[in-house]
Every structure is written in structure tokens, then in C-alpha cells.
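Keeping their order, the protein sequence lines are chains E and F.
According to my numbering, the first sequence is numbered sequentially starting from 1.
According to my numbering, the second sequence is numbered sequentially starting from 1.
For the record, the hints were derived by calculation from the structure and aren't laboratory data.
We put the beta carbon where it would ideally sit given N, CA and C, even for glycine.
Nothing false has been slipped in among the hints.
Chain E side only, calculated, beta carbon under 8 Å to chain F, not exhaustive: (1) Leu39; (2) Tyr45; (3) Leu107; (4) Thr110; (5) Pro140; (6) Ala141; (7) Asp219; (8) Gln224; (9) Asp248; (10) Ala251.
No more than 30 Å apart at the CA atoms, straight line, and that leaves these computed lysine-lysine pairs for BS3-like: (11) F/Lys143 to E/Lys163; (12) E/Lys364 to F/Lys200; (13) E/Lys46 to F/Lys64; (14) F/Lys278 to E/Lys163; (15) E/Lys35 to F/Lys64; (16) E/Lys275 to F/Lys143; (17) E/Lys210 to E/Lys163; (18) E/Lys151 to F/Lys143; (19) E/Lys207 to F/Lys278; (20) E/Lys368 to F/Lys201; (21) E/Lys89 to E/Lys210; (22) F/Lys64 to E/Lys49; (23) F/Lys278 to F/Lys178; (24) E/Lys364 to F/Lys201.
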Amino acid sequence: MFESLQEKLGRAFRILSGKGRITEKNIEEAVRMVKLSLLEADVNYKVVKEFINRVLEKAVGEEVLRSFSPDQQFIKIVRDELISVLGEKISRLELQSNPSKVVLVGLQGTGKTTSCAKLAYRLKSQGKKPLLVAADVYRPAAIDQLEQLGKQIGIPVCSGDRKNPLGIIRQGIEDATRNVNDVIVFDTAGRLHVDEDMMSEVREIVKIVKPDEVLMVVDSMMGQDAVTSANKFNDALELSGFIVTKLDGDARGGVILSIRHVTGKPVKFVGISEKVDGLEVFHPDRVAGRILGMGDVLGLVNKIQERVDADKAKELEEKFMKNKFDLEDFLAQLQEIKKMGSIADLLEMVPGVPKDVDVGGGEKNIAKTEAIINSMTKVERRNPRVIDYSRKQRIAKGSGTTVVEVNRVLKSFDQMKVMFKKMGKKGKLLKELKGMPF
Amino acid sequence: MSLFSQIKDGLRKSRESVFKRIRDALSGGDLSAAIEEVEELLILSDMGMETVESVVDTLRSRTKRSDNAVQVLKEILVEHLKEVETSETIFSELPHVISVVGVNGTGKTTTIGKLSKMYSSLGKSVVVASGDTFRAAAVEQLKHWCEQTGAEFISQGHGADAASVAFDAVNHALSKKKDLVIIDTAGRLHTRHNLMEELKKIHRVVARLIEDAPHEVLLVIDANTGQNGLMQARKFLDAVRVTGIILTKLDGTAKGGIVFAISRELGIPVKYIGIGEKLEDLRPFDPEMFVEALLSTD
Numbered sequence: 001m002f003e004s005l006q007e008k009l010g011r012a013f014r015i016l017s018g019k020g021r022i023t024e025k026n027i028e029e030a031v032r033m034v035k036l037s038l039l040e041a042d043v044n045y046k047v048v049k050e051f052i053n054r055v056l057e058k059a060v061g062e063e064v065l066r067s068f069s070p071d072q073q074f075i076k077i078v079r080d081e082l083i084s085v086l087g088e089k090i091s092r093l094e095l096q097s098n099p100s101k102v103v104l105v106g107l108q109g110t111g112k113t114t115s116c117a118k119l120a121y122r123l124k125s126q127g128k129k130p131l132l133v134a135a136d137v138y139r140p141a142a143i144d145q146l147e148q149l150g151k152q153i154g155i156p157v158c159s160g161d162r163k164n165p166l167g168i169i170r171q172g173i174e175d176a177t178r179n180v181n182d183v184i185v186f187d188t189a190g191r192l193h194v195d196e197d198m199m200s201e202v203r204e205i206v207k208i209v210k211p212d213e214v215l216m217v218v219d220s221m222m223g224q225d226a227v228t229s230a231n232k233f234n235d236a237l238e239l240s241g242f243i244v245t246k247l248d249g250d251a252r253g254g255v256i257l258s259i260r261h262v263t264g265k266p267v268k269f270v271g272i273s274e275k276v277d278g279l280e281v282f283h284p285d286r287v288a289g290r291i292l293g294m295g296d297v298l299g300l301v302n303k304i305q306e307r308v309d310a311d312k313a314k315e316l317e318e319k320f321m322k323n324k325f326d327l328e329d330f331l332a333q334l335q336e337i338k339k340m341g342s343i344a345d346l347l348e349m350v351p352g353v354p355k356d357v358d359v360g361g362g363e364k365n366i367a368k369t370e371a372i373i374n375s376m377t378k379v380e381r382r383n384p385r386v387i388d389y390s391r392k393q394r395i396a397k398g399s400g401t402t403v404v405e406v407n408r409v410l411k412s413f414d415q416m417k418v419m420f421k422k423m424g425k426k427g428k429l430l431k432e433l434k435g436m437p438f
Numbered sequence: 001m002s003l004f005s006q007i008k009d010g011l012r013k014s015r016e017s018v019f020k021r022i023r024d025a026l027s028g029g030d031l032s033a034a035i036e037e038v039e040e041l042l043i044l045s046d047m048g049m050e051t052v053e054s055v056v057d058t059l060r061s062r063t064k065r066s067d068n069a070v071q072v073l074k075e076i077l078v079e080h081l082k083e084v085e086t087s088e089t090i091f092s093e094l095p096h097v098i099s100v101v102g103v104n105g106t107g108k109t110t111t112i113g114k115l116s117k118m119y120s121s122l123g124k125s126v127v128v129a130s131g132d133t134f135r136a137a138a139v140e141q142l143k144h145w146c147e148q149t150g151a152e153f154i155s156q157g158h159g160a161d162a163a164s165v166a167f168d169a170v171n172h173a174l175s176k177k178k179d180l181v182i183i184d185t186a187g188r189l190h191t192r193h194n195l196m197e198e199l200k201k202i203h204r205v206v207a208r209l210i211e212d213a214p215h216e217v218l219l220v221i222d223a224n225t226g227q228n229g230l231m232q233a234r235k236f237l238d239a240v241r242v243t244g245i246i247l248t249k250l251d252g253t254a255k256g257g258i259v260f261a262i263s264r265e266l267g268i269p270v271k272y273i274g275i276g277e278k279l280e281d282l283r284p285f286d287p288e289m290f291v292e293a294l295l296s297t298d
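Using the sequences and the hints given, assemble the complete structure.
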């Protein structure tokens, strides 16, 4: 829907100069484009103004690099400036004391309770022994919610008398000492920054807990007013950082830039799915492109590198080359793809892909294909040619599908073999993804 | 204290700083400086650049130096909102079915508590369908509200099929001759195709019992929402027949300007606003009051 900033800038420079150079004359139009793009991304207006001034300074002083096209060069200046505001490095949790304590705060509905569970789950998988403390006594069933999540991820939840937040907090600290938990994650009620009583309550909580980290949870879909609440929370509590949630939607997330800029505090994690493992360390460089509406190619590459087992990939490649690729490999391949996360998430990182491509059906197909292959015998998987009609009937029954669907899998397996043969040594896997059976 | 809570408490104060700057600029003959102030004010309300530009263009064409630009601006904004009229809820057939939808964390469940309170106090018999079967403890949260408002609570527990819960509730209301069914739905990001399909299914199933149901589909939008609100509304409108917006969390400092863009581009009117956490804190949308609050600054 949005024309990418890249396209806009490209046009601005071509129209205005026709020469492909950054001049003071054409820079004005380019700056306007960047300004609009940042406002479309919900970066706060005042932050945009300051940001633009800095970009302007840099761009005008910049030597013209002839190897770049001017729009590329300009984007690079903007991007670099964005990254420098966002923070160059990853900010990790700093958990010094034992037990260490993390308090999550924020407005209503930003995802605090879910983030608490995700964070505790993350710490647990890093070998910690976390305790969750449910101190939101105001929203009906908020304590139940954390308890249910805790049960789901196998982490104990302290809810004290379920009535008095300060009492629950103290109980949590006692419990953690008794049960030798080495980290406590405290959930607090959502509150408005203008609600004096609630703000003094959370100040009191922080005073009692003496936390290692106070993280404010911020919704990525937030608009201009995000800086107001972030500032107020930071003034009241001295935040140590932010968690930005719901980035699996299509919000451009300009709020990330705004809150970082006005508070100087880093974003530490981002929420990227509704699942318990959907909390990721925040990479400043990867979000810059998203704010500019330019996709996140780096993030995509990293994601693939992170999740795909390099040895397995190599093994597969050799099999392709020798044409020994069988249905077992096919299955392994599908599982690798699934590990990368939802296809929708992946596609979102590719610049230029419309956000509303229907991939839900594709994911269902992967599950079906898996079931079908799982219903085959080893002999059948290694040599699909032996699969006759009666075997197909058995496979269909076993996988809860139909013979037609079994045929479809076999056919797409054949097509894949042909495709890989064609691809030869330096195949462009991504480009060929379209031809795959999902 | 936010302006909405001040209006609520009858403590209306005038906030004139920006308006004064606008007037000063105008009296000095500097229209462009005044326009710039207006632009900033509107952008900060999350109205979105396109809407801001259209408002500013109109303002420019209507304002003369001697005019009260602030008054003209108010008129323009109110006109914008009145272009899409909010219709009164008519209980044309019983039960009247309302489905409440939206992304995660906008305040759907709380809003349903408030809706059921409002209609209960109007003497309507209310059935609430616990259709958020996904989020942990959403069922318990809604149950709590129903106990407070006396609405009848229909649930199949966590993890149940939401469409089946909705069907049950409407069926129950039909056989017991209830006035109103309010369906809670799970928060879903509008980008999740299969969740949007699930929402369609809920509505399809309900329409099997009553052809025109759900009679109203209310999209809940958080006043804090930025430009993504427009995409949310567009996607929900693509999937289901959204008939109105409920703008929540106006008791903070966020202005909810995105509803201008939504009504302008998609023609969806704002029906209610949420101005607090209590069950009574739901109000019919009033364009004049809303514009007044939007133009206030702290």
C-alpha cells in the first residue's frame, strides 16, 4: 500500500536533478519524503524534526560518492542516522543480584502479562530458574492469566493473597529465596501515566523490589502519544529499557525510534508472535529498514542462517547434486522450513512483498505433506516408485487425507527433484520457493 | 488529568496555549506560521498526514486574517466526523446481535462489560458469548464482568471453538427471547489470515440462526493507535461488515486522531468512546466534544 521510501526518493532525485547527485536544491524534496515516511511510521513529530535536522546537516556536508546513486546514498545517511539513534549495539538484560529481579510496567493492553511469561520462558531456556509474580490485582482474571501461562511453560507463579500488590511482591521475594529461584519476573497492572495513585503504587513496588531491570512494555502500533507515556514512566521509575510488542503485525514501529530518542533507554526485546517463544532480542539495525518501509533483508538472512542447520543443508545439497534426494530428505527439508517460523513472518521481511499474501493455506499444506510422508514406510520414502494404488490408499488412511492428496505430494516431490536438477550448483533457492509444494 | 476525565467530572478548564500561538501568528498576519502550528497539533493527534493535509487545505481556503481560525478549524473537524453518521441502534428483530472485534490489547473484553452494563440499565436482557477462547483467562475476565452486570454468560471454556460458543449464545437467546447478544472475540492481528477466516466463520455460523446477524460489528480501536489503525480497520472491513468503531482509552493523553482517517477513508463511524476503567465509562460518541478534546493540549 505504501510506496516505499526508496521509490519515492529515487523519483525525487531524478525529477529534481536529472543528474544523480545530491545538491542542496534537490535535498529539500528528499528530506520532505523522509519526513513523511517517518510520520507514516508513527515516529513522534518532534523527534522527526530533530532527526531531519541532523540528516540534513550530514547530507549537505557529504562528499558525493559517484559509486552510489544519490537516492541510495541519501538512504544510507538516513539509515545510519536511524541506527545511531536506535543504538548501535544489542542491549542485554543485566542481572547482577541473586535472585535478580525484573519488573514489567506499562499502559493497559500492551502485552505485559504475555511478555512476562515469554521472558521467564526465555530465561528458563537459558538455564535459569525463574519465578513469576502476579501483582496485577485490578484487571479481572489477570492473575489467572499468568497462572495459566506459568502452568503452560512449567514456571511457578506467586500470587500471594491475590489482593494486595505490595504484599504479593513481598511474598514473591520470600518464595524465591526459599525455593532458590535465581530470577524473579514481576507482572504489574496496566496503568495510565496520568493516574497519580497508580503511578505512586508502581513507584512503591519498585522501591520494595529494588529491581535489576525495570522494563516498560510498549505496543508497536502506538502513535504520537507514546513518547508522553514513556517519558512519564521513565521519570517516575528510571526505566532500564523497553519491550516492544506485537511486531508480528504490520505496524512500521516508529515508536521504537521515538521512545529511544526521548528517554535514551534501549529497547531490549521485541515480541514477534503470540507463542511463548515469541520474544526476541532487539537488533537495532534490522528495524531501521522496517521504519523506513524498506523491508528487512538482513533480518531475513540472519533468520535463515540462525535456524537452518548448516551441516544438514550441506548434506542436502550433496544429495541434490547426486540426485539421491528422497522423500525422507524432502520431509527433513520441510521441517527446516518450519523451524524458521511462520512463512508469513518470513515474507514480511522481504521488501516489496505485499503484506496480505495468503500464506495460511501454505502452512496447512506443509502439515498435510508431513502427515502423508510420515504415513509411508521407510522403503516407500526411499523409493517412491513402489507406491502403487493400494499403498496410496493405506497412506491416505494413515494420514487422514485422500489418495488425490497423496498423489499431489508425490507429484510435487518429482517436480522438486527436477527443479533442483535444473538449479545446478548455484541455485537461487529463494527464487524457486514459489515452485515448491506449499 | 486528561480532558476527558475533566469533562466527565465537570471540571472543564480552557487550554489556550496552542490556540494563543495560532491567534498570535494570525494577528501578526503570518498565516503560514499559524498553519504550521495547526499542522503540528493535528499530526500529534495521530490523524495521519493525508487527513492533516486535507484539513489544512480546507482551513487555508476558508480562513481570512480576521477570522477566528481556531473556530474554523473546529468546524472543519466536526464536519469531517459528521460526514459518516452514526445510526442509533435499532432492535429491529430479537435478539439483536453485536459482535465485538479488534487487535490484541485494545480493551474488547472490558468494553463488552461496559456495553452489557449500558444495555442492562436500559432494561434489556443481555446474553454475553465468551468467544475469546484463546487468551489465557479471557473467559474468567469476561465472567467477572457478567457477574457485575447481571448479563447471562455463555461459555464453553478455554480452547473451545469460538463459532460454536457464539452459536450457542444466539440459540439460547432465541429460545429464551432475550433482547441482545454480545459476542466477545479473541484479539487478532489483522495480518493473520487464518484468524481473520475464523472471525468470518463466527459470523457465518451466527447468520445461520438469524439471517441479518450480527446486526452490528463493532471494531475496538485503542486511542493510542497510530497509523496502523487505518490498516487494522481496512483489514477487518475486508473480512467482516464493520458497522462502527469503539475508541477506547481516551482517559489517557492519547487523542485518537486516527479515527478521522478511518471515517474519511473507510466511512466507518465512531459509535462509542471509552473514558475509564469503570463499567459506566462508556459514552456515545459526540463529534463536538471529541474535537474539543482533540484540540486541547496539556
